[in-house]
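Visitor: Here's the letter readout for the chains.
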Amino acid sequence: MAMTIDESQCTACAMCESECPTDSILEKGGVFSIDAASCNECEGLEDGPQCVNSCPVDDCIVRA
Amino acid sequence: MQARIIPIFENKPAGGCGATGGGGKSSCGSAAGRGDLSPEVWEKVKNHPCYSEQAHHHFARMHVAVAPACNIQCHYCNRKYDCSNESRPGVVSEKLTPELAAKKVLAVAAEIPQLTVVGIAGPGDALANPEKTFKTFQLIQNSAPDIKLCLSTNGLALPDYVQTIQDFNVDHVTITINMVDPEVGERIYPWIFYKHKRWTGRDAAKILAERQMEGLEMLTSKGILVKVNSVMVPGVNDDHLVAVNQAVKSRGAFLHNIMPLISEPEHGTHYGLTGQRGPSAQELKALQDKCEGDMNLMRHCRQCRADAVGLLGEDRSQEFTTDKVAEMKVHYDAEARKAYQAFVEKEREDQEAAMKRELSGLAEDAGHANVLVAVATKGSGRINEHFGHAGEFQVFELTAAGAKFVGHRRVDHYCQGGYGEEETLETVISAINDCAAVFVAKIGLCPKKDLEQAGIEAVEEYAHQYIEQSLVAWFKGYLARLRSGDAVAVERGQGSLRQGAFVA
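Protein chains in written order, with my numbering: chain A, 1 to 64; chain B, 1 to 504.
It is worth saying that the hints were derived from the structure and are not from the lab.
Mixed in with the good hints, there may be bad ones.
[Stated by the list, open to error] Distance condition first, Cα-Cα at most 25 Å in a straight line; then the derived SDA-like pairs of lysine to any residue:
no., chain 1, residue 1, chain 2, residue 2
1, A, Lys28, B, Lys103
2, B, Lys195, A, Val62
3, B, Lys135, A, Ala12
4, B, Lys197, A, Glu46
5, B, Lys103, B, Ala326
6, B, Lys195, A, Asp59
7, B, Lys346, B, Ile147
8, B, Lys448, B, Leu372
9, B, Lys197, A, Ser33
[To be verified] Stretch by stretch, here's where chain A covers chain B in the computed footprint (C-beta under 8 Å, at least three residues):
no., region
10, 69–77
11, 194–207
[As the list claims (entries may be wrong)] Here are the in silico distance ranges between beta carbons for each label pair:
no., chain 1, residue 1, chain 2, residue 2, range
12, A, Ser33, B, Gly293, 45 to 55 Å
13, A, Asn40, B, Lys197, 11 to 21 Å
14, A, Ser8, B, Glu214, 37 to 47 Å
15, A, Glu46, B, Met328, 45 to 55 Å
16, B, Ala336, A, Asp58, 22 to 32 Å
17, A, Val31, B, Cys446, 44 to 54 Å
18, B, Ser38, A, Ser33, 49 to 59 Å
19, A, Asp58, B, Lys195, 16 to 26 Å
20, A, Asp47, B, Asn169, 56 to 66 Å
21, A, Glu43, B, Gln282, 54 to 64 Å
No residue lacks a Cβ here, since even glycine has one placed at the ideal position from N, Cα and C.
Only chain B is shown next, with the shape it has when bound in the complex (with noise of 0.2 Å):
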């Protein structure tokens, strides 16, 4: 089988010139790279993508649903509910036996290079299910021993296999916690089974949040790097989640994820059924931008499903269902995988450093202007897709400090389909309404007029060259433009966040 590679040889690196410019705090499991991370750390992350938001514009990741099994309840989750074209946590079309699932890591390797890091997500509880758990790492470190293994669990069983974690080389950790206080808890968790009983209300709450931090102190102590996961459910936790980002942190946790609740009544969940919204883009982002202090916020989280298979921004898990796997000849090439990684590492030096020499004089300019953009891309960290074939769009924050990633859009059709190319060109301004301009790597003329009404500028001359270095280029621009008074600064409108299916 011929190996597919992200095509980044396409195109030479964009000049730049001048000295290094400001920095700034990084966010995102350390966008800015390496810089303010210990060495032994980077060494851990560099190449996972939900650790690192620069390394998931270069690395894939796939999950595999050997877990069924759940020990708690949560209102944003129906275990029952999977449609193919669903897409979020606790939904998985196939399950699969350690033996299959060991084998489609094979397969999915021999065909992805970019594929660096295997999750254990579910569709239930890792941890709740320790035997297929663990006997799918076993099988996954005899045949592909430089594969990195990581695990997602609610916590409530944590406790009990930390040991165990550390024993199969599990480096990275994802404890999902909602809340520190059983008061808020007892309005996400109807109820959870523990010590062969079934708790509800407030005691299940407060056993849950105490494994959860018992969990994560354990894990942390251990050198395991832990990433937390937040679900953002307002009037519920949103204000709360300020004290639960300072319970993890003290505690040691790496890198908090909060993440917008998937709530519509077509899920069957409690919070979809009785109308429990969503946060808006805004509302996520302030939320994000109060708990970054000293602590790493990730937003490049994709919410993916608990057999998602790729980069970040897509699922091909359709192309390595059972019946395929199983036909497939694997041949498992790790000389291969090693020569390409190490390009990557070259190529993403490349980009830190257009990026640091663009940003001279940059600090003047812009004092403090605040900018959205987003950016059509089908990874390596390159403007590469065509605005019309985009599922999703990454929006970038520009300022003085350069350009910081602070989310994604999915512009991607929910399943009922039958929506015309209007629609879908609606439904687009709406998701980026709230960026100053859209970076391509092409565009039709219809669309860039559509945009350009609802003042987004569509931006085609920085095609196959490098995200971060081409913005804070157009920014300079832009501001050149602001002052001459051939552009005008508009008050931007609310972005978006798509609640419907990801089709990748």
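Chain A extracted, bound-state conformation (with noise of 0.2 Å):
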């Protein structure tokens, strides 16, 4: 259970890397991805996964 960020998609704002309570946002050379051991989806959060909420970009972060 983890979220994915579509590299195709992703502007590489880091918006989301802020936001992430379990600290998962990774990046490397300018890409960002998830750390699929860590993500919890945000399980327990009212509003679901924070990444997904603060992403400016349209179905750029899904569930994988």
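Put the complex together from the two separate chains, hints included.
Guide: Here you go:
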């Protein structure tokens, strides 16, 4: 259970990075991804995944 | 590296005679110069191209694109779209780290002595990226302390950072405020991200409006100059912007900049895809005129990219890409910059004095006459651009009060290219169709004839002279020709605002 970033949609704005409560957003050479081992899809948070809520691009971050 | 200076030494000031004439309320961050501003405010704006219409002829700005994240979505913005030929806010070709940004600033300052201002305007929101924004300011302040810092924000996070802004000596802040009524706002903003939560609809617009007003009040109470940008969206907020103007004026904003919506389907924005149109030049000017009471209205905004470099009418960002900057050996010459700026100060005083002398006798002649004219210029306040080379024309309104800058029209091509000379000329004519004359340094015979047929007089005789003084001198002659019957005043058509890319 984890979220994943569609690289072709991502603008690399890093908005999700500061919002992720489990520090699961990884960046390497300007490309962002989500650590599937630590992401828990913001389990227990009322609004669901914070990365999705903060992302400016629709359908960029989806369930893996 | 050899510093390049726009040649303003090439001609002596044009002569003039007579006494001082009428004034009239200035616009555009005080086009008329310091006359109507307190000395402290004048000191803050006189070299800032985005705060002073007069300064924008002489001084350059650059934006460093260190702020990619944004905390709101606007219907006129699509963050995914970036084409190297595309120029509008929210768009940038390269993102920069604060360290690279600081180096780029030094490289540009060394090459362009006119550079007085560095701003952070995105491509997202400066304050949605506070660490990057303020780290950049700190680095610039350490290495180039004479450069003014400014930032641009949607205002949502602003109240949290007013103190930091003051601590970093940021003297100029621009807030984009498109509405004060959430009912209008929900048609502009689909969502905001606030306090770790996504808000939509009217709730989102209400929070945004409240935060913007709070931030504006906090800034002005600290004496920080605030410019308010508003995007004019016909049928959505056009009438409402009068109320926005009142609201920001009463909270102490220094300057209001009403900009036309840029909207094309190929931008992929909500407005572009749903066919929302932008305003015509006439609609824009009418709204600006309506809002121009005792508040300064900015009309020289070029709606530039988040990585723009140069004078407002140009974009030299391609000369300063990350790769090129990395290779540059930068020599920052503070003395040379100071000397240039002192020279410009003198030049501006001369221009202002020349214009005032020229005004003599105009008031009686002009009556209620009102004529628009276009000017081809590459800066320095002179008519110094060839007609065929002009990427834009500056539009001035001539009345009994003199010459007033009221806008600019871009005439470059859109990136699909393939236009022939004839089509280009048609584009130019449609852009300045509401003008009685166009002032150029030089023009070919063919375009001159075509312009004549369209009822636009091409004027070359003031080549390389001061813009405002020349316009007033020509206006006097024009009025005399009208009286003698040598010229006939024609009802002018609409001027079209170009929507496509700005290719410098």
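Visitor: For every hint, state whether the structure bears it out.
Guide: Results of checking the hints against the structure:
1. A/Lys28 <-> B/Lys103: holds, 23 Å
2. B/Lys195 <-> A/Val62: It holds: about 22 Å lies between the C-alpha atoms, which stays within 25 Å.
3. B/Lys135 <-> A/Ala12: Satisfied, since the Cα-Cα distance of roughly 19 Å is no more than 25 Å.
4. B/Lys197 <-> A/Glu46: holds, 10 Å
5. B/Lys103 <-> B/Ala326: holds, 8 Å
6. B/Lys195 <-> A/Asp59: holds, 22 Å
7. B/Lys346 <-> B/Ile147: Judged against 25 Å, a Cα distance of about 20 Å means the pair holds.
8. B/Lys448 <-> B/Leu372: Answer holds: B/Lys448 to B/Leu372 is near 18 Å, not above 25 Å.
9. B/Lys197 <-> A/Ser33: holds, 21 Å
10. 69–77: holds (count 4)
11. 194–207: holds (count 3)
12. A/Ser33 <-> B/Gly293: 45 to 55 Å: holds, 54 Å
13. A/Asn40 <-> B/Lys197: 11 to 21 Å: holds, 19 Å
14. A/Ser8 <-> B/Glu214: 37 to 47 Å: Given range 37 to 47 Å: holds, Cβ gap about 39 Å.
15. A/Glu46 <-> B/Met328: 45 to 55 Å: holds, 51 Å
16. B/Ala336 <-> A/Asp58: 22 to 32 Å: For B/Ala336 and A/Asp58 the Cβ distance comes to about 50 Å; the hint is violated.
17. A/Val31 <-> B/Cys446: 44 to 54 Å: Between A/Val31 and B/Cys446, where Cβ atoms are some 53 Å apart, the hint holds.
18. B/Ser38 <-> A/Ser33: 49 to 59 Å: At roughly 54 Å between Cβ atoms, A/Ser33 and B/Ser38 fall inside 49 to 59 Å, so the hint holds.
19. A/Asp58 <-> B/Lys195: 16 to 26 Å: holds, 22 Å
20. A/Asp47 <-> B/Asn169: 56 to 66 Å: violated, 38 Å
21. A/Glu43 <-> B/Gln282: 54 to 64 Å: The hint (54 to 64 Å, Cβ to Cβ) holds, given that A/Glu43 and B/Gln282 are roughly 57 Å apart.
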